[in-house]
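Generate the whole structure from the sequences, applying the supplied hints.
There are 2 protein chains.
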Amino acid sequence: MTELRNLITGFAAIGATDDGGVCRLAATASDKQARDLFLREIGNRGLVPRIDGIGNMFGVAIIEPGSNDVVITGSHLDSQPTGGRYDGAYGVLAGLLAVEEVRERCLANPGAARRNLAVANWTNEEGARFQPSLTGSSVFAGSLSLQDAYACTDGDGVTLGAALAAIGYRGVTPLEYRPVRYVELHVEQGDRLEQVSGDVAAVSGAWMTRKISVVFEGDYSHTGPMPMALRRDALRAAARAIEALYVEVARENAGAHASAARISVYPNSPNVVAGQARVWFEIRHEDEAVVVAISDRFLERIEREAREIGVGISIAADEKRSASSLDRDGVEMVRSVARDLGLKIETFKTITGHDALAIQKCVPASLIFVPSEGGLSHNPREFTTQDALDKGYAVLAETLWRMVTARE
Amino acid sequence: MTELRNLITGFAAIGATDDGGVCRLAATASDKQARDLFLREIGNRGLVPRIDGIGNMFGVAIIEPGSNDVVITGSHLDSQPTGGRYDGAYGVLAGLLAVEEVRERCLANPGAARRNLAVANWTNEEGARFQPSLTGSSVFAGSLSLQDAYACTDGDGVTLGAALAAIGYRGVTPLEYRPVRYVELHVEQGDRLEQVSGDVAAVSGAWMTRKISVVFEGDYSHTGPMPMALRRDALRAAARAIEALYVEVARENAGAHASAARISVYPNSPNVVAGQARVWFEIRHEDEAVVVAISDRFLERIEREAREIGVGISIAADEKRSASSLDRDGVEMVRSVARDLGLKIETFKTITGHDALAIQKCVPASLIFVPSEGGLSHNPREFTTQDALDKGYAVLAETLWRMVTARE
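Protein chains in written order, with full-length UniProt numbering: chain A, 1 to 408; chain B, 1 to 408.
In short, the hints are calculated from the structure, not lab data.
Do not take every clue at face value.
Each pair may be met inside one copy or between any two copies, as identical chains are not told apart.
[Said to hold, decoys possible] Derived lysine to any residue pairs resembling SDA-like cross-links, with alpha carbons at most 20 angstroms apart:
id	residue 1	residue 2
1	K349	P227
2	K391	R335
3	K349	M228
4	K391	T2
5	K361	D329
6	K320	D287
Here the structure is a predicted model, which is why all the values come from computation and not from measurement.
See the structure below:
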């Protein structure tokens with residue numbers, strides 16, 4: 001689809017990085033630029049714009065004025081600092097075109113539509129600038145309060161509330177319809193579809209994720225004369241812990257995924273043995289018992305290995321995102337649409353978080369994946385072929401058509 | 001000495017941190033405040049102020065107008081982010097009082113002085129904000145050009161030249177006398193004097209220091225779905241290297257000191273496997289062969305361990321500060337002064353860099369240590385008793401007296 005390709009290319013130019021990727025952190029100037037363009041696209045296509053308090057944006061197609069219900073599709077326009085052009089943007093832009101297509105089909109089939117349809121751009125899905133991630137969709141679902149979301153701060157101490165106000169996207173026009181279903185289209189970001197040459201996946205649920213942020217408390221000293229035996233090096237303890245995580249995951253040998261991707265060190269001066277370090281760890285597995293087993297052994301080990309060098313540890317944050325299931329009827333609907341379109345469909349769980357998982361807490365939600373080349377994502381070289389994108393789009397549009405026209 | 005204690009207390013209030021320490025990074029607002037106060041102290045004591053192009057400050061006592069020569073004492077007023085109140089400030093403030101005392105003694109002994117005397121505050125000794133360290137003294141000694149020094153940038157990309165101009169300390173009045181000797185008084189920052197209950201040390205030279213900054217190049221990917229075997233985690237490679245440094249130092253078992261105290265990671269987002277990391281390593285030993293042996297083995301090992309996980313390494317900076325000797329006559333002079341004052345004096349090499357080592361490249365330089373409690377420095381709890389500070393001061397003042405009055 002030329003139009004989908006053009007839209008993706010147009011948005012990829014906003015916050016474009018020299019290496020072909022995208023850096024569009026939530027509530028920054030480039031996020032505002034993407035939002036402004038999305039708002040113009042909503043208006044140009046005759047959709048009704050809505051922006052709620054946390055900055056979620058909606059474009060509503062009022063295809064059944066007699067109904068108070070709405071089916072929503074969408075994803076997010078924010079990115080990681082080293083983001084690709086498909087992660088999030090694909091779901092928003094394919095959603096925009098699918099809403100338009102379904103509206104045309106409804107106009108050609110008077111009386112078919114039984115509820116309204118909207119496309120959404122959820123605020124701060126990535127959690128790169130503000131933690132936790134999935135902020136806009138969690139506020140929408142009622143699992144995170146608007147006040148708590150506003151209070152999240154970035155690395156410079158700027159709150160999300162202030163950042164949204166600064167770019168003019170602390171909205172006052174919430175979506176006034178009752179959401180009844182949510183469908184999200186996204187690139188897989190892993191390599192399972194590619195491994196089996198699948199066209200699309202109907203995601204059935206999510207792995208458990210435990211996110212643990214650990215603070216290592218040593219003591220400052222000069223890197224030169226301070227006797228080695230007296231040092232209490234917080235960075236060394238952090239380094240041991242990072243390697244220990246990989247070792248414990250390999251030892252469990254259960255296919256868990258884990259990472260340590262963010263670190264902060266104080267004072268982080270070449271001549272001062274670090275007095276404090278903090279590391280953000282993640283451990284993921286389908287089976288919660290595996291996550292608990294690995295993380296308990298990991299925490300016990302790093303506490304012991306830190307203590308050996310005079311460093312104490314404390315847990316600054318410990319977020320347990322339970323393994324969860326997406327709506328079963330939605331999975332079946334996506335599967336039958338794909339089969340009807342002659343596509344090869346898989347069903348598996350997502351390893352990473354998506355807005356659909358947050359929305360599922362209040363509305364039956366569906367998540368559709370298309371392949372990511374080499375499983376690469378959060379990377380400028382993230383890539384999905386146009387053919388694969390188009391197939392995903394076709395499944396989305398047909399699924400939405402069935403959802404807005406279904407008798408129940 | 002009440003006056004010395006009051007001066008140290010007064011300067012410790014500038015850039016004071018809540019935990020009792022000092023954060024006075026070079027060419028910041030608090031450094032300016034300390035410089036302004038030092039300039040007032042110079043003026044109030046009737047010394048002639050001079051500020052050179054790199055911001056080194058001098059207070060000159062013209063005690064022999066017929067001579068073009070000057071003996072200089074001093075140290076630095078900048079600190080680490082987690083600095084103590086004695087590191088640097090002690091040498092500048094004791095130097096200020098010693099210059100005043102020697103001038104009084106010269107006034108009481110007409111004809112005794114054979115050369116002039118000055119106290120100095122050297123710019124950016126610490127190297128915490130701008131690397132390399134010892135900037136002002138290196139420019140003074142001619143081993144670093146003014147242009148190169150101006151071009152050093154801090155973590156925000158601000159140049160030292162611009163930062164000095166911003167605080168009004170890019171001076172135009174260089175010291176017009178010919179330096180013939182330099183003496184610096186400093187806290188030891190290690191525990192060797194404390195271990196043998198020594199009063200002062202006449203430092204005979206410096207250990208070799210090799211400072212290697214290594215860049216680890218992996219690739220960005222999502223921390224969730226990306227298969228573990230395909231990740232190229234730069235932070236993991238950095239973590240392995242940090243631990244490996246300690247292991248290699250222990251294996252050599254030659255008493256070397258080493259550290260990894262600064263790290264930068266990109267993009268440093270909890271959800272993106274790090275594509276790049278950089279770590280600043282230091283390896284120090286009296287014997288250069290030991291430093292070379294450890295660092296060669298270390299580099300070979302981290303290259304191999306990084307390669308195992310798909311990460312490449314490159315050397316971003318490799319600074320070799322040779323083991324060096326301070327002027328032998330100076331050591332003897334300090335030793336005889338200490339003996340004459342009835343103090344217990346040690347002679348050993350310094351493990352860490354000091355302005356005296358930079359100055360030695362153009363002028364015979366001496367360095368005097370007093371004990372640091374527990375060897376603790378670059379730490380808010382850095383401490384030296386008033387009695388120990390006074391003993392160091394007495395040695396400095398008498399040494400300076402002998403240097404300005406010596407026949408040759």
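Taking the hints in turn, this is what the structure says about them:
1. K349 with P227: Between copies, since 14 angstroms is at most 20 angstroms while 52 angstroms is not.
2. K391 with R335: within (13 angstroms within a copy, 85 angstroms between copies)
3. K349 with M228: Cα proximity of K349 and M228: across copies only (17 angstroms, versus 48 angstroms in one copy).
4. K391 with T2: within (13 angstroms within a copy, 83 angstroms between copies)
5. K361 with D329: Only inside one copy: K361 and D329 sit 15 angstroms apart there, 80 angstroms across copies, limit 20 angstroms.
6. K320 with D287: So K320 and D287 pass the 20 angstroms test inside one copy only (13 angstroms; across, 52 angstroms).
Violated hints for the displayed structure: none, as all numbered hints are satisfied.
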